[in-house]
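Spelled out, the chains give:
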Amino acid sequence: MKANANMDTQLNKRQLDSLEKHLLNDYQHGFPLVSRPYQMIAEKLGTSEDVIINSLKQLQEQGFISRVGAVFRANSIGASTLAAMVVPESELEDVAAMVSGYSEVNHNYQRDHHYNLWFVVTAEDDLALNNVLDEIEHHSGYPVMYLPMLEDYHIDLGFDLQWT
Amino acid sequence: MKVRYRQPLLPERAILDERDQALITLVQTGLPISARPYMDLGKKLGMGESEVIARINQLKKSKVIKRFGIVVRHHELGYRANGMTVWNIPDETVSELGSCMGQFDFVTLCYRRPRRLPDWPYNLFTMIHGLNQDDVLTNIQLLIERCGLSEIEHEVLFSTRRFKQRGAIYREINTNSKVS
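Residue numbers (this note's numbering), protein chains in the order written: chain A, 1 to 164; chain B, 1 to 180.
No wet-lab data here; the hints were simulated from the structure. Treat each hint with caution, since some may be false.
[Unchecked claim] Part of the chain A face toward chain B, derived, beta carbon under 8 Å:
1) 23
2) 24
3) 27
4) 33
5) 37
6) 64
7) 68
8) 110
9) 111
10) 141
11) 151
12) 153
A virtual CB, placed ideally from N, CA and C, is assigned to each residue, including glycine.
The following block holds chain A by itself, in its conformation from the complex (with noise of 0.2 Å):
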């Protein structure tokens, strides 16, 4: 069962119209590498090249899309790592601003474990990435635990957006 009920109340600021759904939806992958992308999107959803342009700019600006590009492949380009921390609540938002205040820091997140808290590092390379995790650990003075990708297993094509 899916548990759609509450989804149009929950959206940030307002319901999204068929087009923006679509956009949404059907260009998380294979969007068009060609001279004018938007217009052979807007051709293919039936409307025009400044529509499209217009309505991928307002969902940006309101956040629900975070950019258009590319996704690269953990570590074909750089350094990256999953990496946790347990943290004394008292302390968590403190540690948490600090870990969210590097530029290489790009998720981080509290969650409902003894390791509280989540983060990813994404670095130029092995060294800056261990930079980072060493610092964190000497302003907190709590150890990281380090949890780099070993394999990969998913074929990533985007997210299957479930539409009431």
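With chain A's structure known, arrange chain B on it following the hints.
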């Protein structure tokens, strides 16, 4: 300095020339949303539109680029729950079971990672998004049935707060990224 040695199974780094590197530096933060995005990108790099397109195509072919398209923000689209599910799978079967899990569309990441004994016994990580926690748990149950995981120890770590989320930046952008 404590050195965290790389694991032997890590994929080979792709060999990228200077022009690829400059292009990656720019394209990692996104394509311009303009009528001729590849041309606009090329202007900043001293590259023609067709070269930009050809290089992106090549990076896709060599799997440096895993996916090229619109990157959505799940949370803003109503997918409020994300359950990082971690599994303790015998080393002999981890590739087989990982490949089984990796083909489900609700699994957005499926990585093998090292165990850190005695603190951390789990060697397979799957990221499962859902509209809410029940939705995530339903999907995990489906994985257990379809991939035969009923004997495999696992834990689900729900996110309770998102402190930061954005695309990875491998190389800092500097104004001298133009190549000759």
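Quick rundown of the hints versus the structure:
1. This hint holds: residue 23 of chain A has a C-beta 7 Å from the nearest C-beta of chain B, less than the 8 Å allowed.
2. For residue 24 of chain A, the suggested interface contact is upheld, since its CB lies about 6 Å from the closest CB of chain B, less than 8 Å.
3. Checking residue 27 of chain A against chain B by beta carbon gives a least distance of about 5 Å; that is within 8 Å, so the hint holds.
4. Restraint check, residue 33 of chain A versus chain B: the minimum CB separation of about 5 Å is within 8 Å; hint holds.
5. Nearest Cβ of chain B to the Cβ of residue 37 of chain A: about 7 Å, under the 8 Å cut. The hint holds.
6. Taking 8 Å as the C-beta contact cut-off toward chain B, the hint placing residue 64 of chain A at the interface holds, the least distance being around 5 Å.
7. Proximity of residue 68 of chain A to chain B holds as hinted, the smallest CB-CB distance being about 5 Å (cut-off 8 Å).
8. Below 8 Å, beta-carbon pairs count as interface contacts, and residue 110 of chain A has one with chain B at about 4 Å; its hint therefore holds.
9. Nearest Cβ of chain B to the Cβ of residue 111 of chain A: about 4 Å, under the 8 Å cut. The hint holds.
10. Hint status for residue 141 of chain A: violated, given a least beta-carbon distance of 15 Å to chain B, over 8 Å.
11. For the restraint placing residue 151 of chain A at the interface with chain B, the shortest Cβ-Cβ distance is roughly 4 Å, inside the 8 Å limit, so the hint holds.
12. The criterion of a C-beta within 8 Å of any C-beta in chain B is met by residue 153 of chain A, whose closest approach is roughly 4 Å, and the hint holds.
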